[in-house]
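S.K.: The lines below spell out each chain.
Number of protein chains: 2
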Amino acid sequence: MDKIFRVNMTDLTSSVEEVPANWAGLGGRALTSTIVAEEVVPTCHPLGPNNKLVFAPGLLSGTPAANSGRMSCGAKSPLTGTIKESNAGGTSAQQFAKMGIKALIIEGLPKEDKFYSLHLTKDGVTIAEESELIGQGNFAVIEALESKFDKKIGVMTIGPAGEAKMASANISVKDPDSKIRSHGRGGMGAVMGSKKIKYITIDSTGAGAVTIADPDKFKTAARVFAKALLDHPVAGEGLPTYGTNVLVNILNEAGGLPTRNFTYGQFEAHDNISGETMHDTIVERGGKTKHGCHAGCIIQCSQVYNDKDGKYVTSGFEYETIWGLGANCCIETLDDIAEADNIMDDIGVDSIETAVMFGVAMEAGILPFGDGKGVIRLLKEEIGNVTPLGRILGGGAGHVGRTYGVTRVPVVKNQGIPAYDPRSVKGIGITYATSTMGADHTAGYTIATNILNVGGFVDPLKKDGQVELSRNLQIATAAVDSTGMCIFIAFPALDIPECLPALIDMINARFGIALTGDDVTELGKTILKTERGFNIEAGFTNKDDRLPEFFNTDPVAPHNAVWDFSDDEIDAFWNF
Amino acid sequence: MDKIFRVNMTDLTSSVEEVPANWAGLGGRALTSTIVAEEVVPTCHPLGPNNKLVFAPGLLSGTPAANSGRMSCGAKSPLTGTIKESNAGGTSAQQFAKMGIKALIIEGLPKEDKFYSLHLTKDGVTIAEESELIGQGNFAVIEALESKFDKKIGVMTIGPAGEAKMASANISVKDPDSKIRSHGRGGMGAVMGSKKIKYITIDSTGAGAVTIADPDKFKTAARVFAKALLDHPVAGEGLPTYGTNVLVNILNEAGGLPTRNFTYGQFEAHDNISGETMHDTIVERGGKTKHGCHAGCIIQCSQVYNDKDGKYVTSGFEYETIWGLGANCCIETLDDIAEADNIMDDIGVDSIETAVMFGVAMEAGILPFGDGKGVIRLLKEEIGNVTPLGRILGGGAGHVGRTYGVTRVPVVKNQGIPAYDPRSVKGIGITYATSTMGADHTAGYTIATNILNVGGFVDPLKKDGQVELSRNLQIATAAVDSTGMCIFIAFPALDIPECLPALIDMINARFGIALTGDDVTELGKTILKTERGFNIEAGFTNKDDRLPEFFNTDPVAPHNAVWDFSDDEIDAFWNF
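Listed in order, the protein sequences are those of chains A and B.
For the first sequence, the positions run 5 to 580 when the working numbering is used.
For the second sequence, the positions run 5 to 580 when the working numbering is used.
Wrong hints could be hidden among the right ones.
[To be verified] Okay, derived cross-link-like pairs now, EDC-like style, lysine to aspartate or glutamate, Cα gap no bigger than 16 Å in a straight line:
| # | chain 1 | residue 1 | chain 2 | residue 2 |
| --- | --- | --- | --- | --- |
| 1 | B | Lys547 | A | Glu541 |
| 2 | B | Lys547 | B | Glu573 |
| 3 | A | Lys115 | A | Asp15 |
| 4 | B | Lys547 | A | Asp548 |
| 5 | A | Lys200 | A | Asp15 |
| 6 | A | Lys547 | B | Glu541 |
| 7 | B | Lys115 | B | Asp181 |
| 8 | B | Lys533 | B | Asp575 |
| 9 | B | Lys155 | B | Asp207 |
| 10 | B | Lys7 | B | Glu134 |
| 11 | B | Lys115 | B | Glu134 |
| 12 | B | Lys231 | B | Glu502 |
| 13 | A | Lys547 | B | Asp548 |
| 14 | A | Lys115 | B | Asp558 |
| 15 | B | Lys115 | A | Glu280 |
| 16 | A | Lys292 | A | Glu280 |
| 17 | A | Lys315 | A | Asp181 |
[Unchecked claim] Some, not all, of what chain A presents toward chain B, calculated at C-beta under 10 Å:
| # | residue |
| --- | --- |
| 18 | Thr47 |
| 19 | Gly52 |
| 20 | Pro82 |
| 21 | Gly112 |
| 22 | Leu113 |
| 23 | Pro114 |
| 24 | Thr391 |
| 25 | Ile396 |
| 26 | Thr407 |
| 27 | Val413 |
| 28 | Gly543 |
| 29 | Thr545 |
| 30 | Lys547 |
| 31 | Asp548 |
The hints are simulated quantities; they were obtained by calculation from the structure and are not laboratory data.
Note that CB positions come from ideal geometry on N, CA and C, so glycine has one too.
The following block holds chain A by itself, in its conformation from the complex (with noise of 0.2 Å):
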């Protein structure tokens, strides 16, 4: 029987509970957002005792179903101020699941002024104070931990930027290969720092295997939907071979790559930091073109990437993070923007957040456009060892905006907009402006069918189809986030028949239920409306499902288009 696990970090005690009836069907970001939306008030300080901290895996998380080992971790988010879901691979996911772990809820705030690790077992949590690993990188303390440990322990780890609380700051994850993971986005690390949580260990010894309660009708349904993910080409062939930054050529050609702190929509170096050139880069020094986040990836969209001298570098090395540093930073250097990413990953900073930041930050004249040094040294040097600078720079791209008087700043609710201009690519722009987290790409990708031709094709110039396109990706994506499986199935889902009934028989045959494509798309909605209620509650409204007054006012070449959406256009979103 699932369990959830609660830890007080006010008195320092832990429980494990029953999962109340009604969080009994729901898992990663339903439950998350359930739990959020029922135990934390809207309105208390991300940071206070009052917010929470939830981790759940996925309602496949744990099966053998391929690409299922997402974890969901939700909160008040810092950066925000809205109700955030954010979720990431690595071993943990399908741990919890194993060891029936439903959900961990992490509570209060300690007393005193010293920080604790969690210990989790299939029987409940050990708290310690911790004070070895203080101030080390997330690399540092994995290391710490799989010595004291041994190399199965799963971990989840905040650096020094979540130890400071900064709003930019992530939950790092440890991978099957002992590197990092992230949940990224929405300042998640500096609630987990708030809870002065260094890191949660994960031991899943005497787990048994997740319970499928019709193996055979699982087993069956499984092989579709692998071979679904396989033949679909962006899953089983660019994906695998270029990475997610074979974006950067795609988006450059559409002219929707923002450059320049979202002054053009093409990089003229776009060949420096492309897919293409990363893929061979990487084969020449012997890193891996393939990689999955977690065991039962069949995506492998990540990689390794090595230096010149075969050194490992990073890995989990995403569009989103080339095209921030690349193309809107002007750094056109892929080793430095691969460096600035391991640190990153080390320091625990979300990527995009910082890659967005840094435009800003460039246009503020904290540095100039396309020093990739200068910004492996603010990183470092700032960021990294907690200075005034880097703290300015570890709130986040809008943070940067408000402390310099910058008037450029591409967020919407405090958090940084990602990797394609909503003023040529439209329909994301009405998933960042409507998204309940802040712009999130990844909340309702309309580059799909925007640009990729996934999907059907609906113009990225035109209004025409953007807010109905958005709207029926963020339902659908809101249930995918609940199953624990990798947004890249979408792709699949959305062009191959078979794919979501096998999906959704996967569920029915874990869990001995029957539901259906509707019952999804249901849940999809409810989801939404959940995280909506909670943000309207903390004081959202609809004025805050807009985008930056610039992108109305700056045409962007190369098709000088802007944000011609009016508020009503947006506003129609909700209607459903």
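Position chain B relative to chain A; hints supplied.
M.R.: Coordinates of chain B only, in the frame set by chain A:
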């Protein structure tokens, strides 16, 4: 005939316009708020091209009416995101009025990265590039301009903080002694800095007297009015003797003197910083205990505070500043606070926001509580030199709180809460929560009736009557802020029956109209509703009319009072 002076900084042009009919009967705050509400898009970036900076003298400014020399400055605030009116003494309001400048409206942003100055004569505005005085403090600017023009020149200027667009930056106004009064709150200096205007000079050569429709009636009313001011124990005796700092001991006694970043309600060393101690120190050192911020002030609450050697340190040395650096930062040395006050005037930051900010900075560990020399150092070396730490501090209390992850951050709508603990003086809490300007004691100064027994008595520790008290005072204050009158005329207006009719008679005599008391109340209501309408369009809701969470949860000694108004009780404020 009065005129509107309009300056467009985008194309560096200016014009002199007729006064539109619906602005004719307005002055001061009524006029700045009306212009901002009519002409500024509420959702615009406060530092972008679509914000406007508006100056307007009061209806009675420039007349011989006692205490009528206040100027209103309005814009969308970069600190709060709300509409803002901040009024100040000094010589400008009377000069504007005599020159027939009903309002000065500054719009647009220069295309080039250069600073400018505006020179106002009765015939219009000259815009000139400015380089020599960039980076200079306000005292040096005034000195330079007096030597360039003459002693009579009016000056409104920003210091390094305004140039850097810090959200706590004020606009300094030359007073009759060539010292400084400030449009302090809400970051108006940042708006002026964003428009790249270092200073505005006012040459009133050739300006006649303000025309008065019925001089005899005016003279009679003015005499009654002045007598009421002098007869009142607070306006006629307390304030001239001890200045506003008379309040330290009074609030300490009442348990409403926020101490150690709003942790306690009383300060052990209150005697060291009290008005009584200050008075004796001033006398001993040959300073002045009485001093007016503008010609015609008969309350004379200001003073000249000298150092041990009898050398000028500061004037306009207010209770809120002394409380903020004193009790709230636990600094026990009045000389340190006076020196800090002088530096704040020079670099151009709001001394309330900055004092509240230092309380949060001390809680964040940036410097220890009680460290007066540290405050002086940070003001000079960090804010004054616009370092990264200086930018953090110059962003105000909320900004420091966000940057360091502090949860006890006394702000409403991101503006620092001044000098009166809302848990133990509950009426002022209603003003802080509901003011259209963010936390602002002057918006509806319930201290009068909660603590000073002016206008009756409403028990500060009980909820009864507080909403009505704050509502009545906010309505009255909005009207008073439109007359050019100093806020302290409210004391006699509340207690002496002849005072308010005399004020209305003066307005009627000035313009040859027949306003009634009800008209004035209606004006006050209209102003508040206009301002609130702007804020609602900007995205604010009743959820923003709340005090920070810690006031609800942390009782404050000695009364162990908490903030215990329900949302509905607060929202009832707007029932008019």
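S.K.: Provide an ascending list of the numbers of those earlier hints which the structure does not satisfy.
M.R.: Result: hints 7, 10, 15, 21, 23 break, sorted rising.
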